[in-house]
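Visitor: Read off the chains here:
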Amino acid sequence: MTPPSSEWTRRLDVDFSAGDEQALAQAYRSFSPLVFSLALRSLGDRSAASDATQEGFIRAWRFRAGYNPEAGSLPAWLLGISRNVVSDAQSARQKRNRIVHLAHTAGYPRADENGVDEIESVANRVVLDAELELLGEPQRSILRLAFCEDLTHQQISSRLDLPLGTVKSHIRRSLTALRSRLETWNAAP
Amino acid sequence: MQHLDPGSISMAALNESLDAPSEEHLAGCERCAAEVRELNLVVVAAQGDTSRTHLESPDPQVWEAIHRELGLQPSLLPDPLTADRSTADPWSGDAAATPAGQLVTFTPRGPGPRTFTTKSLVAAVSIGVLTGAGAFWAAQMLGTKASPGVVAQADLAPLDGYTAQGSAEVLSADGARTLRITLTEEQADGYQEVWLIAPDLQQMYSLGVLGEGTGSLAIPDSVDLAAFPIVDVSDEPLDGDPAHSGVSVIRGSLAAATG
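Read top to bottom, the protein sequences are chains A and B. Heads up: the first sequence runs through residues 10 to 198, numbered per this note's numbering. Heads up: the second sequence runs through residues 9 to 267, numbered per this note's numbering.
Extracted from the complex, chain A is given alone in its bound form:
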């Protein structure tokens, strides 16, 4: 399928935090397959993954007052909450039955050499795309050229007609900011 973040916009971050139910439906449309797949990968069966997905969206909506669209994108926040829900479900299950858990997690996509599996890569990508939107210009264009077109600092400077020093400092600050946003959703409790 296409990257799930493609139809998500900044405005929806704001609408969600303001309590617009249409924005919740759109969030579900854009991100529930990702949340469900992450849960399925960790929990191993559709029933538990369904419960976790349901709980993730319900928590996100009920606690939306704690989400500040100025501070980060909704996908990062929603995925962080979902990860907590999955993690709670995992530890509850492990207490009940360690062996069942081990049996069920076999057969799902495994981590690559960097310790990040495919679905987690999608989640990272979704978070990054949304956070790139938040950076504003010219940072967004600079980072897109660096990431997607693989241009050097010097080439970006020529392409956008910006001083090399400006390009350098934007890239440095933006990379650091994006790193901390990725950590936010990746931070397991």
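Calculated from the structure, these hints are not laboratory results. No residue lacks a Cβ here, since even glycine has one placed at the ideal position from N, Cα and C. Treat each hint with caution, since some may be false.
What the hints assert, rightly or not - Derived Cβ-Cβ restraints for the label pairs, each shown as a range:
1) B/27 with A/103: 49 to 57 Å
2) B/250 with A/170: 32 to 40 Å
3) B/62 with A/189: 41 to 49 Å
Based on these hints, arrange chain B on the given structure of chain A.
Guide: Chain B in isolation, oriented as in the chain A frame:
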């Protein structure tokens, strides 16, 4: 030992080659190499090809349960994953695709709302929006009601440094809307100006000046309350500048009146 400057660390993280002395340093310095690896994780994540990754969709019962548990509006019952996009997507701007009885948008005409980007106000507004969570979608229904009387109301809360309490009501009669606003005391050093502000935190309309006690101000027909649900009273200095001063006394979000 002279470590790499942050700019060079970023260049290395993006797999750009550095000058020979820097490359040599990086090869022998664990601290700099660790910083490069850390930022390179972002680059790898951004460049990874995720287009072929298969994601599983949850079953329709999952949305059903969310809808039931949160008591969402009935029109949102169809599973968003399979619902027709033209009805599930209110952002298209296509009024013809809006289901009957839902959001009715009045396009602002004439001079547009002012834009305003002062950071302090934006920060303060976002708090107001979050406090008013839940009020926004309700306010979307306002444009559809025609019966006289109170169609929406807001409890107003003082901002830092102020103690005034207040309330605001939107009254509708013969298609004309009025904002009636009551404050317990006047705390402005200059004069009090009343605004309707958008949740995008960028745009606002001035409705006029408020005296002591209760005042009524006309809401222009072209102002869509769904788009400008935040009632704000500012302290305006007598400086002849028509823009919002950035100093707000009291604020609240409009919600559809109940009963």
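Visitor: Check each numbered hint against the structure and report the violated ones by number, ascending.
Guide: Hint 3 is the one this structure does not satisfy, whereas the remaining hints hold.
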